[in-house]
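Trainee: Listed below are the residues making up each chain.
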Amino acid sequence: NAGVTQTPKFRILKIGQSMTLQCTQDMNHNYMYWYRQDPGMGLKLIYYSVGAGITDKGEVPNGYNVSRSTTEDFPLRLELAAPSQTSVYFCASSAQRNTEAFFGQGTRLTVV
Amino acid sequence: GQQLNQSPQSMFIQEGEDVSMNCTSSSIFNTWLWYKQEPGEGPVLLIALYKAGELTSNGRLTAQFGITRKDSFLNISASIPSDVGIYFCAGHSGGYQKVTFGTGTKLQVIP
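So the sequence lines, in the order shown, correspond to chains Y and H.
Mapping to my numbering: the first sequence position 81 is 81, numbers consecutive.
Mapping to my numbering: the second sequence position 58 is 1058, numbers consecutive.
To be clear, the hints were calculated from the coordinates, so they are not data collected in a lab.
All values derive from a computational prediction rather than experimental measurement.
Glycine is no exception: its CB is placed at the ideal position from the N, C-alpha and C atoms.
Errors might be hidden in some of the hints.
Keeping only pairs whose Cα atoms sit at most 30 Å apart, straight-line, the calculated DSS-like set for lysine-lysine is [said to hold, decoys possible]:
id	chain 1	residue 1	chain 2	residue 2
1	H	Lys1106	H	Lys1051
2	H	Lys1106	H	Lys1070
3	Y	Lys14	Y	Lys44
4	Y	Lys57	H	Lys1098
5	Y	Lys44	Y	Lys9
6	Y	Lys44	H	Lys1098
7	H	Lys1051	H	Lys1098
8	H	Lys1070	Y	Lys44
9	Y	Lys44	Y	Lys57
10	H	Lys1106	Y	Lys9
11	H	Lys1106	Y	Lys44
12	Y	Lys14	Y	Lys57
13	H	Lys1051	H	Lys1070
14	Y	Lys57	Y	Lys9
15	H	Lys1051	Y	Lys9
16	H	Lys1098	H	Lys1070
17	H	Lys1070	Y	Lys57
18	H	Lys1098	Y	Lys9
19	Y	Lys44	H	Lys1051
Below, a sample of chain H positions facing chain Y; criterion: calculated Cβ distance under 8 Å [as the list claims (entries may be wrong)]:
id	residue
20	Glu1041
21	Pro1043
22	Leu1045
23	Ala1048
24	Thr1062
25	Gly1066
26	Ile1067
27	Thr1068
28	Phe1088
29	Lys1098
30	Phe1101
31	Gly1102
32	Gly1104
Just chain Y, same shape as in the assembly (with noise of 0.2 Å):
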């Protein structure tokens, strides 16, 4: 009953540091989603992918990175770390173009 994972669940980089929040789906669902959630907002698509091989992006692109090399996994990068990115981080799959989706637990990041 795995569904989406996410890795790590918590996180504090340094300004200027990168790193790779993981995230996998058990479900063979093509279609994956990369969003952020800052206190008293709602979700924002960072990226997404339709299958192994595309990517697009979403809402608030910069500073973020993607790769889907294989349906089950979509990472999302970080290169050059910015205390704008501190938020919560969810990663999300579905079966279907932009409808019912599932969601990984989140990663908290904090860039000090």
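Using the hints provided, position chain H relative to the given structure of chain Y.
Mentor: Relative to the frame of chain Y, chain H by itself:
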């Protein structure tokens, strides 16, 4: 871009009371989704609505897809302490448009 206004922003209610919250959009949606997020967890889908006027229940939860297609409502009957969390609406206008999330309604239940 599309905007979703969700209200109320937060609410405190007594256990056993009924709860109503709603979401309004500046544009038409073809799909409305309602999610619940508990502390430290990701959102979990509660109800999905696909047709204007549709009324769908999931246990004590009932959601409606507004006739104008610009709004949706979620009701929780006989609230219990485990209903605590943040409830998000989300709308999709179809095709290649992205899902838009509301800002959430934070629900606190007083035992």
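Trainee: Next, verify each hint and record whether it holds.
Mentor: Results of checking the hints against the structure:
| no. | hint | result |
| --- | --- | --- |
| 1 | Lys1106(H) - Lys1051(H) | holds, 26 Å |
| 2 | Lys1106(H) - Lys1070(H) | holds, 22 Å |
| 3 | Lys14(Y) - Lys44(Y) | holds, 23 Å |
| 4 | Lys57(Y) - Lys1098(H) | holds, 11 Å |
| 5 | Lys44(Y) - Lys9(Y) | holds, 19 Å |
| 6 | Lys44(Y) - Lys1098(H) | holds, 10 Å |
| 7 | Lys1051(H) - Lys1098(H) | holds, 18 Å |
| 8 | Lys1070(H) - Lys44(Y) | holds, 20 Å |
| 9 | Lys44(Y) - Lys57(Y) | holds, 11 Å |
| 10 | Lys1106(H) - Lys9(Y) | holds, 23 Å |
| 11 | Lys1106(H) - Lys44(Y) | holds, 18 Å |
| 12 | Lys14(Y) - Lys57(Y) | holds, 25 Å |
| 13 | Lys1051(H) - Lys1070(H) | holds, 12 Å |
| 14 | Lys57(Y) - Lys9(Y) | holds, 24 Å |
| 15 | Lys1051(H) - Lys9(Y) | violated, 37 Å |
| 16 | Lys1098(H) - Lys1070(H) | holds, 16 Å |
| 17 | Lys1070(H) - Lys57(Y) | holds, 26 Å |
| 18 | Lys1098(H) - Lys9(Y) | holds, 26 Å |
| 19 | Lys44(Y) - Lys1051(H) | holds, 25 Å |
| 20 | Glu1041 | holds, 6 Å |
| 21 | Pro1043 | holds, 5 Å |
| 22 | Leu1045 | holds, 5 Å |
| 23 | Ala1048 | holds, 5 Å |
| 24 | Thr1062 | violated, 18 Å |
| 25 | Gly1066 | violated, 19 Å |
| 26 | Ile1067 | violated, 22 Å |
| 27 | Thr1068 | violated, 21 Å |
| 28 | Phe1088 | holds, 6 Å |
| 29 | Lys1098 | holds, 5 Å |
| 30 | Phe1101 | holds, 4 Å |
| 31 | Gly1102 | holds, 5 Å |
| 32 | Gly1104 | holds, 6 Å |
Against the hints set out earlier in the document, violations occur for numbers 15, 24, 25, 26 and 27.
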